[in-house]
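Enquirer: Given the coordinates of chain F, assemble chain B onto it according to the supplied hints.
Protein chains: 2
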Amino acid sequence: IAGLVLKVWKFLKRAWDIGVDDPRKVIHCLKVGMALTVVSLFYFMRPLYKGVGGNAMWAIMTVVVVFENTVGATICKSLNRVFGTTLAGFLAFGVHWVASQSGQEFEPLITGASVFLLASTATFSRFIPSVKARFDYGAMIFILTFSLVTVSGYRVDKLFDMAHQRISTIIIGTSLCIFVTMFICPIWAGEELHILISRNMDKLANSLDGCVDEHFNYNGELKDSDKQPDKKLLGYKCVLSSKATEESMATFARWEPAHGRFNFKHPWQQYLKIGASMRSCAYCVEALNRCIDSENQASEFTKKHLSNICLKVSSNSSSVMKEVAKTIKTMKRSPSIDFLVEEMRSTVQDLQNELNFLPKLLSPPEVLHPESKETEETTSTTHLLEVIPVVTFASLMIEISSRIQAIVET
Amino acid sequence: IAGLVLKVWKFLKRAWDIGVDDPRKVIHCLKVGMALTVVSLFYFMRPLYKGVGGNAMWAIMTVVVVFENTVGATICKSLNRVFGTTLAGFLAFGVHWVASQSGQEFEPLITGASVFLLASTATFSRFIPSVKARFDYGAMIFILTFSLVTVSGYRVDKLFDMAHQRISTIIIGTSLCIFVTMFICPIWAGEELHILISRNMDKLANSLDGCVDEHFNYNGELKDSDKQPDKKLLGYKCVLSSKATEESMATFARWEPAHGRFNFKHPWQQYLKIGASMRSCAYCVEALNRCIDSENQASEFTKKHLSNICLKVSSNSSSVMKEVAKTIKTMKRSPSIDFLVEEMRSTVQDLQNELNFLPKLLSPPEVLHPESKETEETTSTTHLLEVIPVVTFASLMIEISSRIQAIVET
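Here the protein sequences come in this chain order: F and B. Quick note on the working numbering: the first sequence kicks off at 100 and runs consecutively. Quick note on the working numbering: the second sequence kicks off at 100 and runs consecutively.
Pulled out of the complex, with its shape left as it was, chain F reads as follows (with noise of 0.2 Å):
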């Protein structure tokens, strides 16, 4: 039993973590609470009772199943829904008229064909990925609607009556779901995305900047500080594991209005490319940190050549990083963003050229010591392989940016 309550107690402590963590996810519970309740007044007062009868039941379903965390996945759903329901609900009053016309044998034999076709088409659309990514619900909800109506028909008599009542209770539903995330506290996903972005690009940067430090500082205060540049060596890890999440805010981040210094259309499908190329430099960062790890190292000879100048590189090529990230933030263009690509193109420069001479500097100690001379290149080669990657990153991010402020500011 007492391992039973110490894991409740983890449990409950983790959960406590989340909140303080975010805050804001628990003013979303708040909001759905808010929702519901409000939504409820339609049973407790009688007058609101008597308009919508039963019906006031898809009102709570509605609110329930379509509110989101963010803005732009509420109005989705909504729209999904209410298109999906009034679509779904005209067809089935075509089939029905059909149906009922063809005589009392024939009734069930054509509804039950057209709930089975219908539903097999809508389910495969529910596959292709251009619908899945932004019709998937609403598919959903018309399979849903179309075949509660056809079937129903069978029995009720009063049709047009439920169909009209329930499709005012859903729009009753969704409406209230959009008022309450856009006005309390509204999270848009395309403030998210571009917080996320701009984020990750600053850990890209900061462990990059780790990541040689560390490499060069190896053998001098070895375990010194090590928790603490851990954690910042780490952080591109989340560049690489936030794919997902990027893909689904830019989606939901097409349905919002305009807020904030977000335009109706800002284009979010630059965010995924920054984000894919932010992706392709963290892979290069996974290599070089795979060489830290490794156990062959550079001769102390060659780093100490090659530390200054690597040092240098990486320490531009993450204040461009981090410049652009600012870029992004401020969605203005940095005035000193161009002087800092420069600088970082003629360091590394320097570097390539130094490593053209390195060969002729190591040539008496080479005989004497032909392993130092593997390591050796596992250090300098290393940096080659991230130094053409971050040229060609950087100019395609300068490009990008520039895009964007030319789409931004018009």
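The set of hints was computed from the structure by calculation and includes no laboratory data. A portion of the hints provided could be inaccurate.
One copy or any two copies: either way a pair holds, since identical chains are not told apart in the list.
With a cut-off of at most 30 Å between alpha-carbon atoms, the simulated DSS-like pairs for lysine-lysine come out as follows [claimed, not checked]:
{"#": "1", "residue 1": "K124", "residue 2": "K336"}
{"#": "2", "residue 1": "K257", "residue 2": "K342"}
{"#": "3", "residue 1": "K372", "residue 2": "K428"}
{"#": "4", "residue 1": "K112", "residue 2": "K231"}
{"#": "5", "residue 1": "K109", "residue 2": "K231"}
{"#": "6", "residue 1": "K411", "residue 2": "K231"}
{"#": "7", "residue 1": "K106", "residue 2": "K372"}
{"#": "8", "residue 1": "K231", "residue 2": "K106"}
{"#": "9", "residue 1": "K421", "residue 2": "K372"}
{"#": "10", "residue 1": "K112", "residue 2": "K336"}
Expert: Here is chain B on its own, set in the frame of chain F:
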């Protein structure tokens, strides 16, 4: 208008391709249609309709919402739905009883407050990762049922009858769904995961092979067989992007009963570990691939010198991977795997020795062409870079596969 027709045509073409590509998707759609038609018999047949009345609606709704592509997902959702509904139903009865005892005035107050509290708590629980992975849907259903029952208890008299009928229709719907998914062309999440992992490993081996081949044949038959290897080369991208799929499959696989060669307690977590190490290997292939594209190419001389040994290393390691893939596929420990690994280790050792002697060999041309030296470093070190993780990876793989054997055979 012609543009619209063309667009529709393209859309239909794409849909057709999806169907041809994976006929099981089409079968799934037909299964959904069938389940819906069967469940609508509750409306068409008088004795059945008499039993449940208008609540037959809930059976239809359950089928639409719960029916998923894989058996595991369907069972997971079904159990979540049934238990969420039952639990919420009992709680709601308790609250309703307390509220109805406390007099006309306080009843709406108590009901509203309890809805607010429980809905907020349940919504919050959906943010906790361990709950989200398994009981996300159950929490939603809990909120839905709880608010429906408590709130409509204010208006409906025969609450107990209603709840009883509703739960029984939901159970009818879920058991129909489970029956149809399990016995008509079932798609098991576990089997899908199994196939995905072994196929991804094959792809990874192929792209490692292709990558190294291309690197060394670059100058030879440049862009001769361009298209065919390109596709092979990009196989590793599948490995990089399949993380989310693997995770959801593993979650669903845990809900599935024993089927085929899989026991109930099959170690699904191991698959995730294999997936993770495959991804870390794919990062290396990505880095290697970048070297092919980079403008710095190694000198002819070094390439020729190293090509034999490098090709050997890559073919050995890819054959180890293929063997592991076969091991996973057949779930039988292959007798040759130890031998292959040993062979790979020795070729890796050879490569390292070769690299140690390289500087000596290169001493004469080095002074003449300093830049050739630098680029050569790129080649050799890339391979070192690659070799280290491949060895680590391979030993990890063997560890894992033997562990799987141990668990499968018990």
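Enquirer: All the hints need checking, so say for each whether the structure fits it.
Expert: How the hints compare with the structure:
1. K124 / K336: within (24 Å within a copy, 34 Å between copies)
2. K257 / K342: neither (50 Å within a copy, 51 Å between copies)
3. K372 / K428: within (16 Å within a copy, 37 Å between copies)
4. K112 / K231: Answer is between: at 17 Å across copies they meet the 30 Å cutoff, but 37 Å inside does not.
5. K109 / K231: Only across copies: K109 and K231 sit 17 Å apart there, 38 Å inside one copy, limit 30 Å.
6. K411 / K231: Answer is neither; intra-copy 47 Å and inter-copy 45 Å both fail.
7. K106 / K372: Answer is between; shortest inter-copy Cα gap is 26 Å, intra-copy 43 Å.
8. K231 / K106: between (39 Å within a copy, 18 Å between copies)
9. K421 / K372: Close inside one copy (18 Å), not across copies (34 Å); limit 30 Å.
10. K112 / K336: The answer is within: 26 Å in one copy meets 30 Å, while 39 Å across copies does not.
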